[in-house]
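With the first letter of the sequence shown counted as 1, position 470 gets the number 470 in UniProt numbering; the numbers rise by one all the way through.
The set of hints was computed from the structure by calculation and includes no laboratory data. Note that CB positions come from ideal geometry on N, CA and C, so glycine has one too. Check before you lean on any hint, since a few could be wrong.
What the hints assert, rightly or not - Here are the in silico distance ranges between beta carbons for each label pair: (1) K322 with E372: 15 to 23 Å; (2) P165 with I126: 20 to 28 Å; (3) D152 with E349: 22 to 30 Å; (4) E349 with L227: 42 to 50 Å; (5) P131 with K403: 25 to 33 Å; (6) A163 with N122: 18 to 26 Å; (7) N334 with S134: 42 to 50 Å.
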Amino acid sequence: MASFAPSQATSSTSGRRFTFSSTYSSSFSFKSSQVPIARISKHRHAVSCKTLDDDHHHHTNSSKLDRRNVLLGLGGLYGTAANFGSNSLAFADPIMGPDLSQCGPADLPQGAVPTNCCPPYNTKIIDFKLPPQSNPLRVRPAAHLVDKDYIDKFSKAIELMKALPDDDPRSFKQQANVHCAYCDAAGMKIPDIYTDKNSPLYDSLRDAKHQPPTVVDLDFNGVDNNLSPSEQTSTNLTIMYRQMVSNAKTASLFMGSPYRAGDDPSPGAGSLESVPHNPVHIWTGDRNQPNGEDMGNFYSAGKDPIFFAHHGNLDRLWSVWKTLGGRRKDFTDNDWLDSSFLFYDENAELTRVKVRDCVDSKNMNYVYQDVELPWLESKPVPRLQRASRNIKKRAHERIPFAKDVFPASLDKVIKVLVPRPKKSRTKKHKEEEEEILVIEGIEVKRDEFVKFDVLVNDEDDGTRATAAKTEFAGSFVSVPHMHKHEKNGKTRLRLGITDLLEDLKAEDDDNVLVTLVPKTSGGDISIGGIKIEHEE
Numbered sequence: 001m002a003s004f005a006p007s008q009a010t011s012s013t014s015g016r017r018f019t020f021s022s023t024y025s026s027s028f029s030f031k032s033s034q035v036p037i038a039r040i041s042k043h044r045h046a047v048s049c050k051t052l053d054d055d056h057h058h059h060t061n062s063s064k065l066d067r068r069n070v071l072l073g074l075g076g077l078y079g080t081a082a083n084f085g086s087n088s089l090a091f092a093d094p095i096m097g098p099d100l101s102q103c104g105p106a107d108l109p110q111g112a113v114p115t116n117c118c119p120p121y122n123t124k125i126i127d128f129k130l131p132p133q134s135n136p137l138r139v140r141p142a143a144h145l146v147d148k149d150y151i152d153k154f155s156k157a158i159e160l161m162k163a164l165p166d167d168d169p170r171s172f173k174q175q176a177n178v179h180c181a182y183c184d185a186a187g188m189k190i191p192d193i194y195t196d197k198n199s200p201l202y203d204s205l206r207d208a209k210h211q212p213p214t215v216v217d218l219d220f221n222g223v224d225n226n227l228s229p230s231e232q233t234s235t236n237l238t239i240m241y242r243q244m245v246s247n248a249k250t251a252s253l254f255m256g257s258p259y260r261a262g263d264d265p266s267p268g269a270g271s272l273e274s275v276p277h278n279p280v281h282i283w284t285g286d287r288n289q290p291n292g293e294d295m296g297n298f299y300s301a302g303k304d305p306i307f308f309a310h311h312g313n314l315d316r317l318w319s320v321w322k323t324l325g326g327r328r329k330d331f332t333d334n335d336w337l338d339s340s341f342l343f344y345d346e347n348a349e350l351t352r353v354k355v356r357d358c359v360d361s362k363n364m365n366y367v368y369q370d371v372e373l374p375w376l377e378s379k380p381v382p383r384l385q386r387a388s389r390n391i392k393k394r395a396h397e398r399i400p401f402a403k404d405v406f407p408a409s410l411d412k413v414i415k416v417l418v419p420r421p422k423k424s425r426t427k428k429h430k431e432e433e434e435e436i437l438v439i440e441g442i443e444v445k446r447d448e449f450v451k452f453d454v455l456v457n458d459e460d461d462g463t464r465a466t467a468a469k470t471e472f473a474g475s476f477v478s479v480p481h482m483h484k485h486e487k488n489g490k491t492r493l494r495l496g497i498t499d500l501l502e503d504l505k506a507e508d509d510d511n512v513l514v515t516l517v518p519k520t521s522g523g524d525i526s527i528g529g530i531k532i533e534h535e536e
């Protein structure tokens, strides 16, 4: 579900070191609307596959198939096929599973272990069949709460998979290759079941500085911060609140923008895909490996058994999201429901499964263990009080409007004003329509790790508003992958800001102040524009 990347550059800051080989006019402004920043590191990956329709016909328009080469958790199949507009029922273009006969060698990053990512080829494909509903409902426990009996069974299963011949599609090696071949406090540390060096769940290629009891950094930029365990835990809880609640009020915000067969390949990810999904991959991978193997690189992530726990947790969060109320419901559009992918089942038969088969885990006879959700009570707080009033007082400083700055390269901090189409909205109106900040025309090199943060109504240079503060609206994170066709790709970032503006007492303002802060040395980041839109 993720990838991470490289150029002949080595970055060394407080810990993480990777060598990477080549994912309106205004009357106000600050003294400088563009502030230079220091650079940090990059990463990279790859493989190419065509898709196959229900009649086994090949589709070869590579520019329209690139996104099928990326499996990025909820933002991959479920996410990018997720958001459908009002005209979506006029045609049917679900994304089909890949054509395995067209799988070619991966363009691996420099220093990568030689790997054939292609799965065994089989011309016979069967359709997935749901288990009988009379079967008992199983509960998938949280990894840090499992008992010895569960650990023994799980360890034995992985041991048996690793013992199978490499060419057996059920083997652990082949399961790990699925990720490569698609190309593209308690519970806040690596669970103990994955740290026993004598267990088949252990992987030696993990960051030595991030072993228990180190608390995970869900906003990891490639550099270790100096937060205490309690401070890091608090920040993580706030990040989860933002990504699951305030920035995830609709299916499109949570799961991503529209993606159908024939569309441009990167329409925009959902809230959970960029953060915390991608940072956890980088945080877990071994900083001493040339490409952050295993978890820190696209081609190798599936080799670490914790990869599957990480993605299973995202699946759990999807099920939690649907219980939070409001408009947090799955899409019902058939283009999303009929999107499909392939896997080998327990009988080594190539099987096609559709999204509609997986939407409700109960149909597959399992649910996730109920655990406490402390992040539901961890709403971010403003760094500055009444910041919008201060911004109004500084009108003489001439902050430019977005339309007068973009398109532009994001090689330094940029501050702009963005007009609001609607202001002073009623409570009912805000419940019916989400105000969304849209950064569009984002163009980055696909083979580089890129991250930038987005702040709203923050008055400094963007260095003080951490992920725990209200002014921090969200982040764009691109996981790198090598690509056979296009070096660059365009996408967009959509962030819900209704709650943010309420908390900053800025609901009556004509404009919002937006700050873009590049956090990596991804270089060549271009921004096409910034606007505000509303979504029912």
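Here's how the hints hold up against the structure:
1. The hinted range of 15 to 23 Å is satisfied by K322 and E372, whose Cβ atoms lie roughly 18 Å apart.
2. For the pair P165 and I126, the beta carbons lie near 22 Å from each other, so the given range of 20 to 28 Å is met.
3. A hinted range of 22 to 30 Å holds for the C-beta pair D152 and E349, which are about 28 Å apart.
4. Taking 42 to 50 Å as the suggested C-beta distance range, the pair E349 and L227 conforms, at roughly 49 Å.
5. A beta carbon spacing of about 55 Å between P131 and K403 contradicts the range 25 to 33 Å that was offered as a hint.
6. Here the CB-CB span from A163 to N122 is close to 22 Å, well matched to the stated 18 to 26 Å.
7. At about 28 Å, the CB distance of N334 to S134 disagrees with the hint of 42 to 50 Å.
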